[in-house]
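Novice: Below, each chain spelled out in residue letters.
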Amino acid sequence: DTEVTQTPKHLVMGMTNKKSLKCEQHMGHRAMYWYKQKAKKPPELMFVYSYEKLSINESVPSRFSPECPNSSLLNLHLHALQPEDSALYLCASSQGPSSYEQYFGPGTRLTVT
Amino acid sequence: SQQGEEDPQALSIQEGENATMNCSYKTSINNLQWYRQNSGRGLVHLILIRSNEREKHSGRLRVTLDTSKKSSSLLITASRAADTASYFCATPLTGGGNKLTFGTGTQLKVEL
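Chains A and B, in that order, give the protein sequences. Numbering (our numbering) for the first sequence: 1 to 113. Numbering (our numbering) for the second sequence: 1001 to 1112.
Incorrect hints may appear among the rest.
Computed footprint of chain B on chain A, listed as stretches where at least three residues anywhere in the stretch have a Cβ under 8 Å from a Cβ of chain B [said to hold, decoys possible]:
1) 45–57
2) 62–74
3) 102–113
By construction, these hints were calculated from the structure, which means they are not laboratory data. A virtual CB, placed ideally from N, CA and C, is assigned to each residue, including glycine.
Based on the sequences and whatever the hints tell you, model everything.
Specialist: Rendered as structure tokens:
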């Protein structure tokens, strides 16, 4: 199984809502990532988890809260988002923090109203 | 910013033609990767070239790397409509483990 899955595919939320994005992989990878991608722009790294511990936080606002409950699962909890947070949120995984090839999920298209 | 620049920003060709896109980056690297992204979808890893390699092939893909010029190129030969996508180069941040920085991307359209 070389797939990274993400749910939901689409999400529309109001600025006062709380929602969560979910990412799962069963490749035994020990590093997982969240990226944010705006239209016609490259992905921008948000967070990196290595061996289930947060290793990189790219100065992301606290309204985004990542969680790694186990080695296969990665969540991104969303609260009090702004319309400018509307974007495609991509999850990725790699064998380890020193492994270079990353496997991406299909993304969650988030719209904040 | 370490972000790479890619050119052209957009490229439109006919099926069967070759497509070449270029990537320039700013700092020393130990490898450079190319990814493809179909519209609004996740990225797919295409190829990785290490800093001690000058050229690498994978199927219809040919990647070159010139570390003295801090540049790389991706050639897709005999293009197909299914190759229509955005292509990004990516470099790991030196000393940053697997923290990837993506280039600005080239949007390729292959017309029938």
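Novice: Next step is simple, just say for each hint if it's right about the structure.
Specialist: Okay, the hints, checked on the actual structure:
no.: 1; hint: 45–57; in the structure: holds (count 5)
no.: 2; hint: 62–74; in the structure: violated (count 0)
no.: 3; hint: 102–113; in the structure: holds (count 7)
Of the numbered hints given earlier, the model fails hint 2 alone.
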